Amino acid sequence: MNKIILLKVGEIALKGLNRATFEAQLMANIRRRLRKFGTFEIRSAQSTLYIRLTEGDEDAIDRAFEACKDIFGIVTLSLAAECEKNYESIRATALDFLGERLSEVETFKVDAKRSDKRFPMNSPEIMATLGGDILEKYHHLRVNVHEPELLVTVEVRDFAAYVHGERVRGAGGMPVGSAGKAMMLLSGGIDSPVAGYMMAKRGLELAAVHFESPPYTSEQAREKVLMLAGKLERFCGRLRVYVVPFTEAQLAIRDKCPEELFTIIMRRMMMKCACLIAEAQECKALITGESLGQVASQTLGAICVTDLASDRPVFRPLIGMDKVEIIRIARKIETFETSILPYEDCCTVFTPKHPRLRPHLDEVLAAEEALGADQYIAEAVQNVREYGAII
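Note that our numbering has the sequence shown beginning at 1, numbered continuously upward.
None of these hints come from the bench; they were simulated from the model.
None of these values were measured; they are calculated from a predicted model.
For each residue, glycine too, the CB sits at the ideal point set by N, CA and C.
Careful: at least some of the hints might be erroneous.
[Claimed, not checked] Here are the in silico distance ranges between beta carbons for each label pair: (1) Glu100 x Thr351: 54 to 60 Å; (2) Gly16 x Arg43: 18 to 24 Å; (3) Lys256 x Asp322: 56 to 62 Å; (4) Ala67 x Asn144: 28 to 34 Å; (5) Glu104 x Glu58: 21 to 27 Å; (6) Glu219 x Glu260: 29 to 35 Å; (7) Thr351 x Arg101: 38 to 44 Å; (8) Asp374 x Asp307: 53 to 59 Å.
[Stated by the list, open to error] Straight-line C-alpha distance at most 27 Å; calculated DSSO-like pairs for lysine-lysine: (9) Lys3 x Lys85; (10) Lys85 x Lys137; (11) Lys36 x Lys323; (12) Lys85 x Lys36; (13) Lys284 x Lys15; (14) Lys113 x Lys85; (15) Lys256 x Lys201; (16) Lys8 x Lys323; (17) Lys284 x Lys36; (18) Lys117 x Lys201; (19) Lys8 x Lys109; (20) Lys201 x Lys15; (21) Lys85 x Lys201; (22) Lys85 x Lys109; (23) Lys256 x Lys323; (24) Lys137 x Lys3; (25) Lys109 x Lys201; (26) Lys181 x Lys3.
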């Protein structure tokens with residue numbers, strides 16, 4: 001039996017003259033994700049991507065199917081059996097390929113799509129004839145056209161006929177890399193990995209910057225962040241993490257700045273560091289996990305002052321979400337359990353007792369000038385280290 005994966009795209013189909021560019025990016029992403037399983041032929045026709053194993057182990061196509069569930073740009077996918085375009089071949093393939101599932105369920109429905117109008121049977125005829133043959137072999141089955149336990153689908157296309165069961169929902173979104181590249185501020189908490197996931201879903205290629213403050217933060221805290229990056233690689237592909245040593249900057253803020261401005265000055269300095277690293281890595285935007293009003297640095301006034309430190313757009317996909325919604329996504333992408341590991345990150349070092357909720361820009365700029373913030377930013381960026389994700 002010749003198994004094949006059928007992938008349906010979503011928004012890509014609406015891209016008009018640019019559609020080929022988006023499809024090419026998606027196919028490149030699929031090839032990179034599947035190459036560890038074997039060699040695959042991937043082609044596009046009639047709003048469908050076809051993935052065929054050309055070299056690899058017997059179960060390679062099944063492992064590839066599981067991997068495709070997490071690739072952005074795919075709306076639905078089906079593991080199908082390919083056969084010749086004649087009814088006897090379709091019948092035999094359906095009974096063989098779906099035999100185990102047909103024996104397990106109690107109701108079914110046959111759906112047929114005849115793209116090749118040269119095929120002698122039309123769609124209703126295929127559905128009625130195959131449905132009768134299935135009932136003849138599996139006497140326990142009943143037809144349910146509204147809510148079947150198993151939908152048997154036959155697609156008669158230009159190259160061959162394909163039989164499959166249920167379509168599986170894909171990751172949706174747009175192909176990673178189709179919208180450019182952005183730098184994610186990855187703290188080690190619950191929010192920032194979710195923010196990165198959501199922007200990768202909109203087609204952004206990701207890099208990450210993380211700030212550490214030894215000895216106030218540990219090597220375990222850094223490893224935790226690299227583990228989170230590894231979790232995200234399942235969706236966004238290869239992810240590099242740029243770790244910035246931030247101890248000297250934070251000590252200087254503690255010693256030289258008004259306590260109520262500690263957090264806002266620290267955030268602005270992080271933004272400026274991230275922008276410099278983003279420029280070097282050709283990232284056109286920053287991504288943060290901020291949610292409006294969640295903590296003192298995420299009030300509207302604080303966000304306005306923080307944004308003025310950035311020379312590029314700052315994307316905040318979680319801005320209108322509450323913690324329950326964010327945690328739900330974190331559990332879905334399997335970052336939650338890693339995020340709650342009890343290792344400090346530098347954002348919790350030297351936290352003021354009463355942070356300013358409505359900071360004034362002129363006051364913040366005066367404090368930064370007295371601090372000599374630019375010197376600490378330049379030293380921190382000069383000593384940045386690059387890491388790969390831990391998988």
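Results of checking the hints against the structure:
no., hint, in the structure
1, Glu100 x Thr351: 54 to 60 Å, "holds (58 Å)"
2, Gly16 x Arg43: 18 to 24 Å, "holds (21 Å)"
3, Lys256 x Asp322: 56 to 62 Å, "violated (36 Å)"
4, Ala67 x Asn144: 28 to 34 Å, "holds (32 Å)"
5, Glu104 x Glu58: 21 to 27 Å, "holds (23 Å)"
6, Glu219 x Glu260: 29 to 35 Å, "holds (32 Å)"
7, Thr351 x Arg101: 38 to 44 Å, "violated (56 Å)"
8, Asp374 x Asp307: 53 to 59 Å, "violated (18 Å)"
9, Lys3 x Lys85, "holds (16 Å)"
10, Lys85 x Lys137, "holds (22 Å)"
11, Lys36 x Lys323, "violated (37 Å)"
12, Lys85 x Lys36, "violated (32 Å)"
13, Lys284 x Lys15, "holds (22 Å)"
14, Lys113 x Lys85, "holds (13 Å)"
15, Lys256 x Lys201, "violated (42 Å)"
16, Lys8 x Lys323, "violated (33 Å)"
17, Lys284 x Lys36, "violated (31 Å)"
18, Lys117 x Lys201, "violated (37 Å)"
19, Lys8 x Lys109, "holds (21 Å)"
20, Lys201 x Lys15, "holds (17 Å)"
21, Lys85 x Lys201, "violated (37 Å)"
22, Lys85 x Lys109, "holds (21 Å)"
23, Lys256 x Lys323, "violated (34 Å)"
24, Lys137 x Lys3, "holds (23 Å)"
25, Lys109 x Lys201, "violated (33 Å)"
26, Lys181 x Lys3, "violated (35 Å)"
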